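With chain A held as given, fit chains B, C and D onto it using these hints.
There are 4 protein chains.
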Amino acid sequence: MAMSGVMRPGHACVRMLDLDEAVHFYRDVLGLQETGRDKQGRVYFKGWDERDHNSFVIRQADKAGLDFFGFRVLDVATLNKLDSDLRAFGVATERIPAGDMLETGERVRFESPSGHLYELYAEKTHVGNGMPLVNPGPWPDAAEHGIAPFRMDHALLYGPNVAKTKEIFTQVLGFRVVEYVEGPGGAGPAAFFMSCSHKAHDLAIVEYPEPGKLHHISFRLDSWEKVLRAADLMGRNKVPIDIGPTRHGVTRGTTIYAWDRSGNRFETFCGSYEPYPDWQPIKWTWEEFGHGLDYPTGKLHETFLSVVT
Amino acid sequence: MAMSGVMRPGHACVRMLDLDEAVHFYRDVLGLQETGRDKQGRVYFKGWDERDHNSFVIRQADKAGLDFFGFRVLDVATLNKLDSDLRAFGVATERIPAGDMLETGERVRFESPSGHLYELYAEKTHVGNGMPLVNPGPWPDAAEHGIAPFRMDHALLYGPNVAKTKEIFTQVLGFRVVEYVEGPGGAGPAAFFMSCSHKAHDLAIVEYPEPGKLHHISFRLDSWEKVLRAADLMGRNKVPIDIGPTRHGVTRGTTIYAWDRSGNRFETFCGSYEPYPDWQPIKWTWEEFGHGLDYPTGKLHETFLSVVT
Amino acid sequence: MAMSGVMRPGHACVRMLDLDEAVHFYRDVLGLQETGRDKQGRVYFKGWDERDHNSFVIRQADKAGLDFFGFRVLDVATLNKLDSDLRAFGVATERIPAGDMLETGERVRFESPSGHLYELYAEKTHVGNGMPLVNPGPWPDAAEHGIAPFRMDHALLYGPNVAKTKEIFTQVLGFRVVEYVEGPGGAGPAAFFMSCSHKAHDLAIVEYPEPGKLHHISFRLDSWEKVLRAADLMGRNKVPIDIGPTRHGVTRGTTIYAWDRSGNRFETFCGSYEPYPDWQPIKWTWEEFGHGLDYPTGKLHETFLSVVT
Amino acid sequence: MAMSGVMRPGHACVRMLDLDEAVHFYRDVLGLQETGRDKQGRVYFKGWDERDHNSFVIRQADKAGLDFFGFRVLDVATLNKLDSDLRAFGVATERIPAGDMLETGERVRFESPSGHLYELYAEKTHVGNGMPLVNPGPWPDAAEHGIAPFRMDHALLYGPNVAKTKEIFTQVLGFRVVEYVEGPGGAGPAAFFMSCSHKAHDLAIVEYPEPGKLHHISFRLDSWEKVLRAADLMGRNKVPIDIGPTRHGVTRGTTIYAWDRSGNRFETFCGSYEPYPDWQPIKWTWEEFGHGLDYPTGKLHETFLSVVT
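Protein chains in written order, with the numbering used here: chain A, 1 to 309; chain B, 1 to 309; chain C, 1 to 309; chain D, 1 to 309.
Watch out, some of these pointers could steer you wrong.
[Said to hold, decoys possible] List of simulated lysine-lysine pairs, DSS-like, C-alpha gap at most 27 Å:
1. A:Lys63 <-> A:Lys238
2. C:Lys283 <-> C:Lys299
3. A:Lys164 <-> A:Lys81
4. A:Lys63 <-> A:Lys39
5. D:Lys81 <-> D:Lys164
6. D:Lys299 <-> A:Lys299
7. C:Lys283 <-> B:Lys238
8. C:Lys238 <-> C:Lys299
9. B:Lys63 <-> B:Lys81
10. A:Lys299 <-> D:Lys238
11. A:Lys81 <-> B:Lys81
12. D:Lys81 <-> D:Lys63
13. C:Lys164 <-> C:Lys81
14. C:Lys299 <-> B:Lys238
15. A:Lys238 <-> D:Lys283
16. B:Lys299 <-> C:Lys299
17. C:Lys164 <-> B:Lys299
18. C:Lys81 <-> D:Lys81
19. A:Lys81 <-> A:Lys63
20. D:Lys39 <-> D:Lys164
21. B:Lys283 <-> B:Lys299
22. D:Lys39 <-> A:Lys238
23. B:Lys283 <-> C:Lys238
24. B:Lys164 <-> B:Lys39
25. D:Lys238 <-> A:Lys283
26. B:Lys238 <-> B:Lys299
[As the list claims (entries may be wrong)] Calculated Cβ distances over 12 Å to all of chain A for the following chain C residues:
27. Gly41
28. Asp83
29. Gly90
30. His145
31. Ser223
32. Ala231
Derived from the structure by calculation, the hints contain no laboratory data.
Predicted model, so just to flag it, every value in this text is computed and none were measured.
C-beta atoms are modelled at their ideal positions from N, C-alpha and C, and glycine is treated no differently.
With the rest of the complex left out, here is chain A (with noise of 0.2 Å):
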C-alpha cells in the first residue's frame, strides 16, 4: 500500500470559556458542520468534505488549550503495530476505549516530550461530505455556509524538547520533516513543519518552554478567493484577526491567523505545494523567517512567537 501508517490529522479537542458561544462560532462563522454532543458535553464538528464523523471537538473549560491531537492510522492492525513500536520506542502509551469519543474507536494516547497528547485511532464512522458516492456534484451548499473550510488540516504546538518530539513521529510513526527553522544563535532547528502524506505539513511544532501549548487548528480552503471571503467573515462578525490575509514563506501557503472568543487561535489556509518523502527539507534561517511567516512583509510578528493557549 502506498499510503499506509499513519493518514491524517483526525481530530483536535480544544477547550472553550464559553462553550454555546463557541459552538455558534465555529459552527456559523467558521462554518463546520455540528455532527453530535455527548454525555461529557463535549460538542463535535467537521469540515463539509471530511467524510469522518468529527474532526474537532470542544469543550467547556476554565482555560483555553488543546485536550489532545489525534491522527487516523489506516487500519486496526496499524494501529496496534505503532502502540507497541511506541512503546518499544520508550513512549508510554494509554488505551481508551472505542465509544469515549462519539463514532471514533479505541485510541492509543501518549504524551510527547513537548508536554502534548497525541492520539491514534484506526476507527471513525464515515458519514460522508453531504453528496452522494455516485454522480456527486462538486460541492454542496454547505460548502458556502460560513468561512466553511472543507477540513481540518493541521495543528501547530508549542512545547519544549521539540527535536525529541520530532523523533518520535520521525522514526517511530512515518512522519518526516518537510520544513524547519533555525533558531537565533545557531541554537539548532526551533521548529520542524512534518508530513505524513504529501502535504507541506500534517503537524508543526515550536520550541517553547512551556508545556502543551496550543498555537492554532488549521483549516483548509480550496483558494486564495476563499481567504478574501474568509477575511470578509471575519470583518463582518469582528473576529479578531492576527496575521493575514498573506502568504507564508513556509509551506506557501496562503493564510489567516486569527483567535476566537476563548483565545484559541486558528488558521484558515490555503494553497502550499506537495512533497515527496524522497525531497530534501526546506531549511529556514532565523534572520529570514519573517518572510517564512509572512513572504510578503517579511515581518516576525511578536504575537506568532509568544501568544499561544
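Same frame as chain A, now just chains B, C and D:
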C-alpha cells in the same frame, strides 16, 4: 513510513511527428523546462516545481502516442520488492539499465493487459526547482514562462482489459480506485481513476478496443485563474483545444484538454480533492458521465471517447 | 458633469413561456432578487448590487424574446432633451406614463431600424443593495444566493440595419463604438459594441435579417472564480450551456452563454476593460472573429450566429 | 456625450531621492513601462493597458512627495471651458505650454485650498497598449513584467481645507462624492472619495494640517490573485509594505499599501464597484473607519493617518 511503495508518476515518454516543433511547443508554449537530450535524440523536460531531472520526454517518430509511463518508487529495495511481487502475480518484467534515460536509475518495465508499457524506478537525479533549499520564495520566474505547469501529474490511457490492468495496480502496486465509471448497459466498469497517494488520480485507464493508446498526459496548474491564463496562451498560440476550460465532475478538477501538433492530447489540470485509502470510491453511471467529464454542460464529448494516439 | 446623458442599461423586459418556472429560474438559479409583480402579471427582479428597484422584468407569453430594453438617463431634463433630439434626428418617440412599470417614471420609447423597442427614463426608485449607506460591508448574503450576478449589465440584440441603429446611439444618445466586427467579404461592419460609460459595452448589436431579435441579456459577476461557480450551478441545475466558461476576445470579458427554459439566451459575464471616449475602436475581422467570440478555441460557434429569440 | 468633461486621472509627477534606483523600482519591480525622459531629467512611465504616452512621471529631488496630479479632459474646448469655469469660481489658473511634458498638450494648472497642484489637459499622444487595434489578444507579455498594474488609477492626497477643495471638484469639474468619512467627534467630513466616472474613486482627499501632501498613488490590478502575486513580488524584492494584502471597506477594493525607497506610498489596488451619478454617497463614521480602511481586521493603522510625503 506513512508514504512508501510507489510514490508518484515520474516520467512519460511520448512520440512526436516533428521534434523541433514539439520542443518549441513543450518548452515555450506549455512552458516546461528542457533539462537535457540523450544519444537517442530524446529531449527531456520537467515542470518548474519538480525536483527530479525529468518527467516528460519526447522523441521523433512516424506515429504519435506513448512509449512508456513510469512511476518513482521510494527506494531500490522497494523497486526490487515490487519487481518480485509483479512476477509473483504473473506479470513479466524487464530490467532496463541505469543510464538508458538521462539521470535515471534502473527501471523495471512491464506490459499491462491494456497494452501499455509501465515502468518503476527508484532513482532520478534531483536538480531542484530553481529555488534554494534555504529560505526559498514561493515561486521562481520560470513559473510564468509559458503555461508553466508545476508538474507532470498523471496519465489517462486507453486500451483493452482495464479490469485486469487495474488489479495489477491495486493488488500489487498499492494503488486504490478513487473513482470509476460504469460502462453503458451494465457492462461493468469502463474506467478507473487510481491513486498511489492522496491525489484523486495518479493514473486513469479507460476500456478501449485498441491496446496501448494515449488519451492524455496531464500537467498541473495551481489555480483556476492559471487555467484561464493557459486558455489565453492556447488562444494566442492557436493550440487546438478539445474541451474546456471547464470543471470535471470526476475528481472535481478544472481542466483544458488540447492537442499538441502531433495529435497527442494533453491536459492542464487544477484543483481536485484529497482522498485517503479508507474512503469509498465514487461511481459514475454512464448516463451521468457527461457531467463526470464536463460538469457544467453535461456534454459527453465525442472526441473524449474516440480520439487517442 | 463628467458623466451625464444616458447613464446605464436600466431594464430589460423578456418574455417567458412558463412564468412560474422562469421566476424560479431567475430568482433561485440565476439568483436575482424578486422585487415586485405588477397588474399585468410582470415579475420584477434586480441584481444584488443594483440600487434601483428593478432591472430585469419577465412576463408570460406564447413566444420568447425581448419586449423592450431601457436606459436610465441622468434626470428629467436630460430625458426631455434626448426625446427632442431623437425626434430632431427623425426618430419617432412615444411617451409611456410613469407607473406603467413598477417604481419607474415616465419612459420615452422608440423603435430602432433594427426593429427593437428601446426606452429612456430618468426615474426608478432606489431600494438599495441590502447594505446600509453608513459603514457597509463589502457584500450581503444575497451575493451568494444562486449564481448571484450583481447587475444586469448589457444586451446583445440582433436585427437589420445595425449601421443606422448605431448612428442613433452614437449621434444622438452619446454612445460610442468601442469594438466592432467586419462582416464576411468586406460587407461592412456586422456588429457594434457600444458604450455610454467606460464599460466596454452597454449595448451590442449584430446585423441579422429578422428584426427585433434577442441574442442575450448579460449579467455581471465579479471574478473568474464566480464564473466557475456559475458553471457549477448550471451543471447542478442542468441549465443548457451554449458556450463557456471561456474568454471573449471582444471586450476581453470572461463568459458563459446559456439558455433559460424558454430559450432566451443569457450571459454571466466578468472582467473586460475600461475604455474612454478618446480611445480608438478595436476592429475584429471576420476571419478572426472566432477568437473574438471564444478566444481560447477560436471557434465561431454556429449557435452564436443563428440562435436568437 | 454620456462621458464628457474630465475623463480620468492622467498623470502624477512624484519626486524621488535616488532617480536611478527609482527607475529600476518602477520599471522592473512595479512593472510600469518606461516611455521617455525629458530635458529636465524627468522619467515617464505608463501602465501596460494605458494608451496614453505616460501616466506616472518621476524626477530627482531632495524631498519626496508630489509635484502635481493631472486629469485628462475630453478635448480642447472642454479644457478652455473648465479653465474659464475655474476662474469664474475664484480659482486662479495657470497655463503650461504644450511640450513641457513629453507628448502632452497645454495644461491648465491650479492650486487647491489643500495645497496641491492639479492640472487639466486635453492632449497626450496615444502610443497604445502594445496590442494591435485589429484582432487583439486579451493581454500582452508586458502584463507579466513585474507587478504590472494596467493603469495609474487614482491618488489619495492629504492637506487642509478638504471641504473647500471638494467643492472645486464637485461644483466646477463634474466630480461627485461616492464615499466620505466623518471625522472624530462630529468634526465634519475628514475624507472624500470622488469620481468623475463610474469608478468608486478617481481622487481622494483627506483633511490634514500640512498642505500638499501625498498619501499614495494607486495602480490598478485586475484580480485578487494578482494582488497576491504583487505581494509575493514585494516580498521577493523586500519592498516595505504598509498594509495588506487586504480589503478596504471604503470602495470595497482589495489593496496593498507599500512604499518606494524614497518613502512615497503607492497602492496596488483591485476590484471595487461601479457607482453612478444618481447614487447616494456612502458614509463612514470615525468609529468604524478602521473597517473602512482594513475591513477584515478593522484596524485603524496609525501609519495611514500620519505617514505622508
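27 Å limit on alpha-carbon distance, applied to hinted pair Lys283 of chain B and Lys299 of chain B:
Holds: Lys283 of chain B and Lys299 of chain B sit about 18 Å apart, inside 27 Å.
Quick check for students: does the CB of Gly41 of chain C sit more than 12 Å from each CB in chain A?
Holds: least Cβ distance 31 Å, greater than 12 Å.
Ser223 of chain C non-interfacial with respect to chain A [C-beta, more than 12 Å]:
violated, 6 Å
Taken at face value, is the distance from the CA of Lys238 of chain D to the CA of Lys299 of chain A at most 27 Å?
Holds, because 11 Å separates the two Cα atoms, which is no more than 27 Å.
Minimum Cβ distance from His145 of chain C to chain A greater than 12 Å, as the annotation requires
violated, 10 Å
Within a Cα-Cα threshold of 27 Å, do Lys164 of chain C and Lys81 of chain C meet the stated pairing?
holds, 21 Å
Given the hint that Lys299 of chain D pairs with Lys299 of chain A, test it: the Cα-Cα distance must not exceed 27 Å.
holds, 17 Å
Does Lys39 of chain A sit within 27 Å of Lys63 of chain A, going by the straight-line distance between their CA atoms?
Answer holds: Lys63 of chain A to Lys39 of chain A is near 20 Å, not above 27 Å.
Lys283 of chain C and Lys299 of chain C were given as a pair; does the straight-line alpha-carbon distance stay at or below 27 Å?
holds, 18 Å
Between the alpha carbons of Lys81 of chain A and Lys63 of chain A, is the straight-line distance 27 Å or under?
Not OK: Lys81 of chain A and Lys63 of chain A at ~35 Å, beyond 27 Å, violated.
Take a quick look at whether Lys164 of chain C and Lys299 of chain B sit within 27 Å of each other, Cα to Cα.
Roughly 40 Å between the alpha carbons, so the hint for Lys164 of chain C and Lys299 of chain B is violated.
Given the hinted pair Lys164 of chain B and Lys39 of chain B, is their Cα-Cα distance within 27 Å?
violated, 36 Å
In this structure, the earlier hints numbered 9, 12, 17, 19, 20, 22, 24, 30, 31 and 32 are contradicted, and the remaining ones agree with it.
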